[in-house]
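Visitor: Residue-level listing of the chains:
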Amino acid sequence: MQVIESSKEYDVIIVGSGAGGGMAAYVLTKAGANVALLEAGALWDVAKDGAMFKWSYDSPRRGFGGKEKPFGEFDGCIGGWEMDGEPYTMAPGERWDWFRARMLGGRTNHWGRISLRWGPDDFRRKGIDGLGDDWPITYDDIKPYYDNCDRFIGIFGNNHASETGLHNEPDGIFQPPPKPRGYELLIKDACDKLKIPCVPARMSILTQPLNGRAACHYCGQCGRGCGTHSNFSSPTVLLPPAEKTGKLTVVPHAMAREVLSDDEGRATGVSYVNTTNGQETTLRGKIVVLAASACESARLLLNSTSPRFPKGLANNSGVVGKYLIDSTGMSVSGFIPKLVDLPSVNEDGVGGMHLYTPWWVDNRKLDFPRGYHIEIGGGRRMPGYGFMGGIEEHPGGSGGGYGKALKEEYRRLYGTGVGFALRGEMIPNKDSYCEIDPEVVDQWGIPVLRFHFKWSDHERKQAKHGQETFREIIQTMGGTVTTPWRDHDQDYGLEPGGRIIHESGTIRMGNEPKASVLNKYCQAHEVPNLFVCDGAPFVSQADKNLTWTILAFAWRTSEYIAEQWKKRSI
Amino acid sequence: MSETAMSEISRRKALQVLGTVPAAAGISWTGAEAAQAHQHAEQARQAAADEKTAYEPKFFTKAEYATLGILVDLILPADERSGSATDAGVPEFIDFMLVDQPTRQTALRGGLRWLDRECDTRFGKAFAACAAAEQTAILDDIAWPEKAEAKGLSHGARFFSLVRDLTATGFWSSKVGVEDIGYLGNVPAPKWTGAPDEVLQKLGVSYDGLEKWYRPTDAGA
Chain A
1 MQVIESSKEY DVIIVGSGAG GGMAAYVLTK AGANVALLEA GALWDVAKDG AMFKWSYDSP
61 RRGFGGKEKP FGEFDGCIGG WEMDGEPYTM APGERWDWFR ARMLGGRTNH WGRISLRWGP
121 DDFRRKGIDG LGDDWPITYD DIKPYYDNCD RFIGIFGNNH ASETGLHNEP DGIFQPPPKP
181 RGYELLIKDA CDKLKIPCVP ARMSILTQPL NGRAACHYCG QCGRGCGTHS NFSSPTVLLP
241 PAEKTGKLTV VPHAMAREVL SDDEGRATGV SYVNTTNGQE TTLRGKIVVL AASACESARL
301 LLNSTSPRFP KGLANNSGVV GKYLIDSTGM SVSGFIPKLV DLPSVNEDGV GGMHLYTPWW
361 VDNRKLDFPR GYHIEIGGGR RMPGYGFMGG IEEHPGGSGG GYGKALKEEY RRLYGTGVGF
421 ALRGEMIPNK DSYCEIDPEV VDQWGIPVLR FHFKWSDHER KQAKHGQETF REIIQTMGGT
481 VTTPWRDHDQ DYGLEPGGRI IHESGTIRMG NEPKASVLNK YCQAHEVPNL FVCDGAPFVS
541 QADKNLTWTI LAFAWRTSEY IAEQWKKRSI
Chain B
1001 MSETAMSEIS RRKALQVLGT VPAAAGISWT GAEAAQAHQH AEQARQAAAD EKTAYEPKFF
1061 TKAEYATLGI LVDLILPADE RSGSATDAGV PEFIDFMLVD QPTRQTALRG GLRWLDRECD
1121 TRFGKAFAAC AAAEQTAILD DIAWPEKAEA KGLSHGARFF SLVRDLTATG FWSSKVGVED
1181 IGYLGNVPAP KWTGAPDEVL QKLGVSYDGL EKWYRPTDAG A
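The listed protein sequences correspond, in order, to chains A and B. One point on numbering: in the working numbering, the residue at position 377 of the first sequence is 377, and numbering is uninterrupted. One point on numbering: in the working numbering, the residue at position 180 of the second sequence is 1180, and numbering is uninterrupted.
The set of hints was computed from the structure by calculation and includes no laboratory data. All residues carry an ideal CB built from backbone N, CA and C; glycine is no exception. You may find that some hints are simply not true.
Said to hold, decoys possible - Just a sample of chain A residues kept apart from chain B, beta carbon distances all over 10 Å, derived:
#	residue
1	PRO177
2	THR305
3	ASP367
Said to hold, decoys possible - Pair by pair, the computed Cβ-Cβ distance ranges are:
#	chain 1	residue 1	chain 2	residue 2	range
4	A	VAL441	B	ARG1122	45 to 51 Å
5	B	LYS1125	A	GLU408	30 to 36 Å
6	B	PRO1190	A	VAL441	49 to 55 Å
7	B	LYS1191	A	ALA42	34 to 40 Å
8	B	LYS1062	A	PRO87	38 to 44 Å
9	B	THR1103	A	GLY399	53 to 59 Å
10	B	ARG1215	A	ASP49	36 to 42 Å
11	A	ALA91	B	GLY1209	48 to 54 Å
Bound-form chain A, shown alone (with noise of 0.2 Å):
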C-alpha cells in the first residue's frame, strides 16, 4: 500500500482536539512552536454546525437522537457509546461502554462545564486511607496551573471553603454564580435542614465577558454548542488563539494508526488514515503529545510495537492499559408536590445546575473510602422528544386516562420533578483494564482495546449511602421518590463503568519507572519525546469531575515542553 509521507517535519504533533489536545496546541504554538493537530473526526463550527435555539419542532424527531446521538438530537457531539465501524470488545461477563467523540474539539462540544478544581487531599489519597497510590505532585505544584484556567478560560462559583469548613474544595479565580431557580432554593432548603451543604456550582461558562467572548445569554443549551462562545469548548476558546499565531495546522478525518519510533527509542512522528479515502499519511515531528482520550491514547501506544517496545510504545513496565478509572454515577428522581401549578416562568438558566453539594462527610465516620458530589436537576425544560413519558405512573397522577382530563394533567405535572446524580470517585483496581483484542479490527484494520472493568465494594457502598441520602433529600422536600431502590446485586444503582465518560487512568504518571509510564511531567519515562495530555496520566480519580483538572495538566505539561523545546533538551 502507497503511504503518503509528508516532507515537513512539525516541532509537536499532538493526536486529539479535545481539552487536552486543545490546551496543549494553545500553549505550544503560543511558545512559538510548529504544530500538527490531528483529529479523527470531521471539522465543525458552532455557528454554522450548532443548534442553539431551535425547537424541538424544527425537527421531525422532535430531538429524538437515537444511537447515533445518545444525548439527543441537538447535542453538539458527534460520537456516541456505538459507532459504526469502530467497534471494541469487552471480556466475558464484563462491561465497559466507551464514549468516542469524531470531531474537532471532541467531547468539549457537549460536556456538561462542571468544572470543580481538585483538593490538596485528592493528589495524595493513598498517604491518607491507604488504597490506590499517591501522585508524583502536590496540589501546590498544578494550583497554578488551576489559577491559568480560572482566568484565560472562565468560570463561575464561589469560594466557600472558609464558609464550609470544606477544605479540599478549594478557593478558585470566579465570575459570579447565576442565582438558583425556584426548585433549587427548594433542594437547598432541605438540605439545610439535613446539615449537608448545598452552595453555588463550578461551571466553565461565562456571567462577565472574558477574552472577546460574550457572557452567558441564559438559554441553557450549553450542551448544543454555544453560538457566543460563552462556555468552553476546545474549538471556541483554545483553537482560535492558537490558529491566531499562524503556527498551527489542523488536520482533520486523521485516525492515528501508530506513533512511530527510531532505533534510539524516541518517538519521530504519527501515522494515520485519512478517513475521507482510506489513504496512508505518515508525518514527522520533534515531539509527540498523545490526547485522544484515555483509552484511545493507550491503544496507539500498545499498537505502536517494536523490537525496542515489544509490548507497546513506552510500555516495558506493562502499564500502559491499567488502572481504567471512570467516576461512579447513581441517580434518584422524585416528585414534588409544590411544584405543582407552578406560574410559567423561564427556568434555562445556565446549560445546568446552579447549584450543587460537594463531598461533605468525615469518611473517618463511614463505611466506605472517598466520596462523591451531588448534582442537581429539575425544571420547565423544554418539551422534546420523551416528554412526560409513562404518565401512568406518575405520582399526583390519576394512573393513566385520556381526554381533557388527561390534557390537564400534563400541564399539571410539567416541570415538577427532581433529580439526583451522584458523581464519585472509583479506587483505581488490578481487574479493571485495557488491552488490544488479540482478534477483531476497526474498518481500517487498526487492532481495537478490549476491556475488563470491575466495581468493588468500596464504590457498591458509596452508591448505597448515595441512595440513601438523595432519598431522604427527597422526602424532606415533601416529595415522593419515583426511582425504585437499586439493592446490592443491582450495585445500588451504579453505572456501567464508562457512562459517566470520566475515563482515565491508563497510562498513569509517578516516579517508579517500573510502576509507572510517565513522570512527572506526564513525559514518558522511556520515550522521552512523547507525552500525554488528556486523563490517561491520572493516578486516581477524585470525587469532582476531571476536566478542569487535565487542561490544568496539559497546560503545565505543554509548558514544560515548550521550555524543554527552547532548550533542545529533548
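For this one, chain A is given, so just place chain B on it according to the hints.
Guide: This is chain B only, laid out in the frame that chain A set:
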C-alpha cells in the same frame, strides 16, 4: 403559469421525493435526509390541505391512519386553551417516527389490530366505525393500566400507553403544545435574575441570607 398548475407541480414533486423515503425496516436517516424528508412531508401535507386531500401516510395503511387520527384526538382533544392532537400534526409525527425508528412498528400495527378485533367482538364493527360512546367505552377499559389488567385487557392497555406517550410527545413538542404548556425559555436573556417573587412565595423560599453569594452589583445577579 397559473397558481393551480404551480401547486400541482410542487405537490407532485414533493410526493415523488416522499416516495423515495426508506419504508423498509432497519433504515435510519441522516440528520440532513430526515430534515429534507420532514420538509417535503410538510410541503406535501400543506399541498394536500390546500387541495383538501389527505396526507399520505408512509407507514400506516389508510385505514390504520384514520383510526390513529381518532385515537390521538380522543387522547388530547381541543379545549379552550389549544387545539387537538391532529391540529398539532401528531398523526404525521407518529407516521414519521415509525419509519425513522422501526422498532415500534409491530407494537403499533398489532395494537391497532387488537383494538379493531376488540371492537368487532363487542360491537360488530371496527373502531373507526364505532359510535363515540362505543369508542370511549373501550378507552375507559384500557386507558388505566391497573384497571385494564384487572379486566384481562393488559394488551390493550400496553398499546394505549404507547399511543398516549407518542401523542404526548408529538403534541407537547409541537408549536401548539409548547405554547399551551407555558415553556417560556429558548430565548436570549440579557441577564439572569433568578426566580420571580410569585414563584418564591408559592414555594415558600427566598434569597434571604444568600446575599453573600449573589451580590446585586454583579452582572447576572
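Visitor: Check the structure against each numbered hint from earlier and tell me which ones fail, lowest number first.
Guide: Checked against the structure, the hints that fail are numbers 1, 4 and 9, while the rest are satisfied.
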